Amino acid sequence: MRISKTWSFILFLPFLICFVLFLVVPFAYGLYISFHQWSIFGGNGGFVGFDNYVSILTPGNVYSNAFYNGLKNTLIFVAISVIPLVVISLALALVIDSIPDKLKVFYRTIFFISYAVSVTAVSAIFKWLFTGNGGYVNNVMNTFGLGALNWLNDQPLAWIAILIATVWWTIGFNMILFINALDEVDRNLYEAASLDGANWWQRFSNITFPSIKGVFVFLTIITVIASFNLYGQTLLITAGGPSQSTTSLIMVIQQIVFNQNNLGMASAMSMLMGLVMVLIVAAQYLYTLRKD
Amino acid sequence: MMKKSMKKNAFVLIIATLLAIVFLLPLIFMLFTSFKALSEAMSSSALLPKEWTLENYGSIFGIAADVPVIRWLLNTGIVTIAGTVLVVFVDVLAAYALARLNLPGKKFFFTMVVAALTIPGIVTLFPMFYIFRELNLINTFAPLILIYSANTMGVFLVYSFLKGFPKDLEEAAVIDGASLWQILRFVIFPAIRPVVATLAVLTFLTIYNDFLWPSVVTSADEMKTVTVGVANLVQGANFVNPGRMMAATVVATLPALIIFVAANRYFVRSVISSGIK
Numbered sequence: 001m002r003i004s005k006t007w008s009f010i011l012f013l014p015f016l017i018c019f020v021l022f023l024v025v026p027f028a029y030g031l032y033i034s035f036h037q038w039s040i041f042g043g044n045g046g047f048v049g050f051d052n053y054v055s056i057l058t059p060g061n062v063y064s065n066a067f068y069n070g071l072k073n074t075l076i077f078v079a080i081s082v083i084p085l086v087v088i089s090l091a092l093a094l095v096i097d098s099i100p101d102k103l104k105v106f107y108r109t110i111f112f113i114s115y116a117v118s119v120t121a122v123s124a125i126f127k128w129l130f131t132g133n134g135g136y137v138n139n140v141m142n143t144f145g146l147g148a149l150n151w152l153n154d155q156p157l158a159w160i161a162i163l164i165a166t167v168w169w170t171i172g173f174n175m176i177l178f179i180n181a182l183d184e185v186d187r188n189l190y191e192a193a194s195l196d197g198a199n200w201w202q203r204f205s206n207i208t209f210p211s212i213k214g215v216f217v218f219l220t221i222i223t224v225i226a227s228f229n230l231y232g233q234t235l236l237i238t239a240g241g242p243s244q245s246t247t248s249l250i251m252v253i254q255q256i257v258f259n260q261n262n263l264g265m266a267s268a269m270s271m272l273m274g275l276v277m278v279l280i281v282a283a284q285y286l287y288t289l290r291k292d
Numbered sequence: 001m002m003k004k005s006m007k008k009n010a011f012v013l014i015i016a017t018l019l020a021i022v023f024l025l026p027l028i029f030m031l032f033t034s035f036k037a038l039s040e041a042m043s044s045s046a047l048l049p050k051e052w053t054l055e056n057y058g059s060i061f062g063i064a065a066d067v068p069v070i071r072w073l074l075n076t077g078i079v080t081i082a083g084t085v086l087v088v089f090v091d092v093l094a095a096y097a098l099a100r101l102n103l104p105g106k107k108f109f110f111t112m113v114v115a116a117l118t119i120p121g122i123v124t125l126f127p128m129f130y131i132f133r134e135l136n137l138i139n140t141f142a143p144l145i146l147i148y149s150a151n152t153m154g155v156f157l158v159y160s161f162l163k164g165f166p167k168d169l170e171e172a173a174v175i176d177g178a179s180l181w182q183i184l185r186f187v188i189f190p191a192i193r194p195v196v197a198t199l200a201v202l203t204f205l206t207i208y209n210d211f212l213w214p215s216v217v218t219s220a221d222e223m224k225t226v227t228v229g230v231a232n233l234v235q236g237a238n239f240v241n242p243g244r245m246m247a248a249t250v251v252a253t254l255p256a257l258i259i260f261v262a263a264n265r266y267f268v269r270s271v272i273s274s275g276i277k
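Chains A and B are the protein sequences, given in the same order. The first sequence begins at 1 in the numbering used here and counts up one residue at a time. The second sequence begins at 1 in the numbering used here and counts up one residue at a time.
It is worth saying that the hints were derived from the structure and are not from the lab. All values reported here derive from a predicted model rather than from experimental measurement. One or more hints might be untrue.
With a Cα cut of at most 27 Å, we get these calculated DSS-like pairs of lysine-lysine [claimed, not checked]:
hint	chain 1	residue 1	chain 2	residue 2
1	B	K7	A	K213
2	B	K8	A	K104
3	A	K102	B	K106
4	A	K104	A	K5
5	A	K5	B	K167
6	A	K5	B	K107
7	B	K8	A	K102
8	A	K5	B	K163
9	A	K5	B	K106
10	B	K163	B	K106
11	B	K7	A	K104
12	B	K167	B	K106
Selected chain A positions facing chain B (in silico; Cβ < 8 Å) [what the hints assert, rightly or not]:
hint	residue
13	N69
14	L71
15	V95
16	A124
17	I207
18	F209
19	P210
20	F216
21	V224
22	S227
23	Y231
24	M277
25	L279
Calculated Cβ distances over 12 Å to all of chain B for the following chain A residues [what the hints assert, rightly or not]:
hint	residue
26	C18
27	I113
28	W168
Every residue gets a Cβ at the ideal spot worked out from N, C-alpha and C, and that includes glycine.
One chain only, chain B, in its complex shape:
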C-alpha cells in the first residue's frame, strides 16, 4: 500500500515537472533571447545563446537609449503604489461599514455594489476618457491613478471576509470604551490582514498590467506606464529586433514577477475563493 502511493506520487511529480517546464518556456525564451545579438536571435533554434551579449540591455539603459524604460518604470511605480493605497483605503473602510456598522441605506448600497459588478468596463471607459480630456488631465497621473478606486470587487472581497469573521473581539472592545479608530487600528485591521494583502497584491498587479486605459489617457512618451511603453515596441516599425524587445520585456516584467513571487503566500486558500460563495 505504502509503496503504491509513493509510486503514484513520483508519477504525479514527473507529470507536474514536465508541465512546469513547458509552461515556463515562454519566460525562458524571453530571458535567453534578451542576451542574443540580432542575427542569432533571428535565426537560432536553440534557446541558449551561443554568444552572450549585453548590447540589448545597453541599448535600453545606455546614454543613447531612445526607449525611456526607466522613466516608464518610475511612472508605473508611482501609479501602482498610489492606486493600490487608494483602493485598499477606500475599499476596507466601505466594506467595514457595510458588513459591521449601522450604515443608513445599507441594503441599497450593498445591492449597488453587487449590481455594479455586472457593468462591463468598456461601457464607462471612453466617456471617462472624454471627461478627463475635457478637464485637461490627459498625460497627467490623475486618470492613471483615480479610476481604479471604483473597485467594487475589492469591497465585495473584504466584505465576504468580514462576514465570516466573529464579532466578539469588536464587541468586547466597544464595551471597554474603545474609539472607532482604536477598533479599526487594533482589532479589525490585524484580523483582516490576509484579505487586505490579497486585495493589495491583486490591485497592484491589475494596475501594473493594465493596458487599454493607460494607453488611452497617455500620448506623451514620458507619461506612459511600462506596460503601455512596451506595447509601442511590439507594434509596426519597432518590431525588428527580438533581443532588444525581450530585454525591454524582461525589465518591464521583472518588478511585477518579484512582487508576485514574494507575495504569493498571501494568496491563501479561502481568501480569493471566499468572494465567490
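Here chain A stands alone, though its shape is the one from the complex:
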C-alpha cells in the first residue's frame, strides 16, 4: 500500500508514547527502586544491591514473614478457586449452549451480568450476606433452626465466603468465552455421533472437549493470573482475617508501601510476585504443549 512509513509511524506513535510512559518507564523504575532503600516521603536512601531481595527471601524477619504469609494465602486461593471458576463456567456454558437460540442471549446476559459489578459492590453485598451479626445467611439459618456460623472469622468458612463471592463475580467472563467456543464446534460431528449411538459423556469427551481445548487452556491460564491478583475481596470482606489467614500478597505489598513507607522493599516484592506469576504461567503453558 502507498501510505508512507512516516504516516504509519505517526499512527503508531500515540500508543508508543503511552506504552513507554505507563509501562516501560514504571517497570524499569520499579526495578531500579527495588535495589535501593527508598521511601515515599524521603525518596532514594541509597543503593543497597540485593539487600531487599535477601531480606524477603531469608526466613525469620518481618518482611519475609509477611511475604511468605501473603504468598501462602494467595497460593491457597489459587488452588481452591481455579477449578471451580473454570469448571462451573464450562458447565453453565454447556447448559446455555443447549438452550434454543432465541432465548440464548437472554440467559447469557443474566450470567454475564456480574461482570459489570465492581469488586467493592460485590464485597458490600457478600459481606452483608455472610457477616456474623445481622448477616442475611445467618438470619436465614436461624429461621430454619440451624444456628448461626461465624462465616468471616473462622477458617475454612472465610475462604468459602471469599470463594463464593469470587465465583459469582467472575464466572460470567469465562462462560462467555466457552459459549463462543462451543458455538464453533462442528454440528455435523454431533449428528454423526448420535447416529453411532454415542451418549452424552462420549460426545463431550470425544467431540466437544477436544474442539474447545485451546480456549480451555487459555481460560485456565488467565484464571490463575486473576486469582493471583486477589485483593479487593479479601481486603473488603474479611480485611485479611481471621488472624491474617486471608491477607493476600498484594495486600502485603500495599501495607509495606503505605504503613511502613518502604517502597524499595515493596518494589522488590512486586518483582518477586511478578516472577512467580510468570513462572507458573510458563510452566502451565509448557505442560500443555508437552502433552499435545
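Add chain B to chain A, keeping to what the hints say.
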C-alpha cells in the same frame, strides 16, 4: 423424535431458569435490602421488605448526606469516558498501523505488545504511584485517566480482528486516490465497528470497576471514583447499616449495569474470542 427434543428443551430451560434465579439472588438481595429500615435489615430472613422505606436513599441524596455518592459518580463518569475515548483512539490507530501499514520495526513492536501482556500489573503499579506523587498529581484526574492507555490487550484485540478482515476495500480506496484519513473514516472504521464497540465496553467497565489503582491515587473524598468511595462504606466503623450500604451500592452499580445490558449485543461471537486464537 420431535416430542423428545421438545421435552429436552423444556428440561434445559427449567434448569437454566433455576440457575438464573440463584445467580441473581445477590443482586435481588442488594435491591430489596436497600428499601429496608435498619432493624428489619439486621434481623430479617425474608428477601422482600415488610415495610418499604426510602430513608436509605434519602440519607445518601439528602441535604444531610455525608456520603458524596453523586460527586463520586460524576468523577467516575469523567474518568471512564475520557479513559475509554483515549484507549480506543490510541489502540485502533496502533492496531491499524501494525496490521496493515508499512510500519518500520513492525516485528519488534508486535513482539513488544505481546511480551507486555505477560507483565503483571502489580509490578508497575507502585512505581507509577510514586511518579505521579512526585509530579504532585495525586488527587487529580490525570493518574485516574492516563494509565489505562498502555492497554496492549486492546491493540491485540483490534489487530486480530483486522487480520481476519479482507483488504480489498482498502486497496480499491487507495487506487481511487483516497487519503489516509478517508480510508480510516470511510473504510476501516465502519468495518471494525463491532470490535471497537467491544473494546469500548470492556475498557469502560474496566475503568469503572477498577479499585486498587484509583484507591492508591486518591485520598481526598471529593476525588474518589464511585468504586473507591463505596469501598470506604464497607470498611471499619462504616459497616453498620446494611440498608444504607446497599442503597449506595445500588446507586454505584446501576449505571454500569445499564450500560452493560444496553451494550451486551456487541459482545458478539468471535469478537472477544478472536483475540485468543
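Hint check against the structure, violated hint numbers in rising order: 1, 3, 4, 13, 14, 17, 18, 19, 20, 21, 22, 25, 26, 27, 28
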